[in-house]
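Participant: Protein chains in written order, with this note's numbering: chain A, 2 to 361; chain B, 2 to 185.
Think of the hints as simulated: they come from the structure by calculation, not from any bench.
Since this is a predicted model, take the numbers as computed values, not measurements.
You can trust all of the hints, since none of them are fake.
Stretch-level coverage of chain B by chain A, calculated; a stretch enters the list once three of its residues show a Cβ under 8 Å from a Cβ in chain A:
1) 15 to 28
2) 33 to 40
Short, incomplete list of chain B residues facing chain A, as computed with Cβ under 7 Å:
3) Ser61
4) Pro63
5) Ile64
Far from chain A by the CB rule (all over 10 Å, computed), these chain B residues:
6) Lys84
7) Gly89
8) His102
9) Glu118
10) Ser120
11) Lys126
12) Leu139
13) Glu153
14) Arg159
15) Ile164
16) Lys175
17) Glu176
18) Val181
19) Leu183
Glycine included, every Cβ here is placed at the ideal spot set by N, Cα and C.
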Amino acid sequence: MKELRLMKGNEAFAEAAIRAGADGYFGYPITPQSEVMEYLMAEKPEERTGMIVLQAESEIAAINMVYGGAACGKRVLTSSSSPGVSLKQEGISYIAGAELPCVILNVARGGPGLGTIQPAQSDYFQSTKGGGHGDYKMLVLAPSSVQEMADFAGLGFELAFKYRNPVLILSDGAIGQMMEKVELDEQRPRFTDEEIKNNTPWATTGKTKDRERNIITSLDLDSYKQELHNLDLQAKYREMEKNETRYEAISCDDAEYLIVAYGTSARLSQKAVDLLRAEGIKVGLLRPITLFPFPTAVIAKLADQVKGILTVEMSAGQMIEDVRLAVGCRVKVEHFGRMGGIIPSPTEIVDAMHKKIIGG
Amino acid sequence: MTEEIIIAGFGGQGVLSMGKILAYSGVMENKEVSWMPSYGPEMRGGTANVIVIISDERISSPIVNSFDTAIILNQQSMDKFEKTVKPGGILIYDPNGITRHPGRKDINIYTIEAADEASKVGLSKVFNMVVLGGYLKLKPIVQPEYIRKGLEKSLPKRHHGMIPENEKAIDKGKEIIKAVHLLN
Chain A
2 MKELRLMKGN EAFAEAAIRA GADGYFGYPI TPQSEVMEYL MAEKPEERTG
52 MIVLQAESEI AAINMVYGGA ACGKRVLTSS SSPGVSLKQE GISYIAGAEL
102 PCVILNVARG GPGLGTIQPA QSDYFQSTKG GGHGDYKMLV LAPSSVQEMA
152 DFAGLGFELA FKYRNPVLIL SDGAIGQMME KVELDEQRPR FTDEEIKNNT
202 PWATTGKTKD RERNIITSLD LDSYKQELHN LDLQAKYREM EKNETRYEAI
252 SCDDAEYLIV AYGTSARLSQ KAVDLLRAEG IKVGLLRPIT LFPFPTAVIA
302 KLADQVKGIL TVEMSAGQMI EDVRLAVGCR VKVEHFGRMG GIIPSPTEIV
352 DAMHKKIIGG
Chain B
2 MTEEIIIAGF GGQGVLSMGK ILAYSGVMEN KEVSWMPSYG PEMRGGTANV
52 IVIISDERIS SPIVNSFDTA IILNQQSMDK FEKTVKPGGI LIYDPNGITR
102 HPGRKDINIY TIEAADEASK VGLSKVFNMV VLGGYLKLKP IVQPEYIRKG
152 LEKSLPKRHH GMIPENEKAI DKGKEIIKAV HLLN
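Construct all of the structure, not just a fragment, from the sequences and the given hints.
Facilitator: Structural data, given as structure tokens:
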């Protein structure tokens, strides 16, 4: 039986993480995601499931606690908002290099620098193109509702362990702060030590006589071995592209124009699609759910069908680069967005569609 | 049915919790709901607002820029949100502290002297419920039994003793809301 509640996105994520059988959360407060740790502290999951919740001394400490927990095969997570996620980048690169599974939530706010506490989507490049150093990829999920904030906690762990890779959930202040109805899964028991040994034979769970030592590191000074490791990582990323691309296509079947938008922008754009259709203009919405892997193939296919594409992002235009890569020069691709924590209204999107795509 | 509402006033007037009770009542009645608060610097400066949407259908955008109903509880919010009411829509305000009254002719305007009335009958703590009562008289989008369930869900258990007082305040609001400009 699923349980129905009215919750903030941040709270729904926190509750869902407990229910997904998480072993530990390590974080440091920052608006607009502080409710994640607040909720966990108030809920005391230690008493419910034995899950540890710890406020670290800094974001850097928190991500390295995640590294340690993940190395032991535990289901561990952290959360922060843009400036805090910047601080975590070194640790994320190490986790990707050491091939450790974990879930990281970014409830993004406007930047650069300390920026503002209001919602933004200007961390797309950081999330999908590296952020930290080295050739690595995170699997990036972009929720556009409170329900997905809850669902992606469990899905995040599933994918992280499937690929031994960090999973980033790229949300924003609007989805973190708003309340919607959410259906919560039942409590999934945490894995026992025995189960962890069986499920994650690579983890540092204590050497037994019948096997070699497990070593978790991102360091290999032998360049030939380091290159082989990189080739393995790249093969894994191609595998993710093959298996894990997720998107939602709304009103795309008969669309003559297309909006591509994720997260909060996708919600605003959905209303814009309704308004444009009421004017008799056939517009569809393609919502990437995974930002890496990006739904390149479906966008390339829609480019053959539509006369123009508008990307809507709360940034100066970052995802538009991936849309243009998918589309090539076949149709016009333009960007509309607001920055600095301003949320565009659906009618602004309608106007942009008219000015930049239909009339342009 | 889709009702898009903005509730705006000072922090501490119970703007966000009024929205929450309304949203929870909608959930209890099995409707789709969203509750989008202002959480930014304006909130820290003393004003607070929340967009509540209640609908029979899936809600596309939780953020909209025009509203079926605006409930306005201070002058800054009047300046900001009077113009966002859809033509034919409703504006409800407490005239207490308002220096520039709304002047639009294409919407229905009501006053509710909730602050005065609440303090008169010793219900200052549930001032926001007086306002909610006035709104529900005009737009009974959720049934009274679900409002009670909404109160139970959104108030912490230790405050459940105050539910009868909240219900009394809602009834008071229904009594005292007054039309000042009506469309034909």
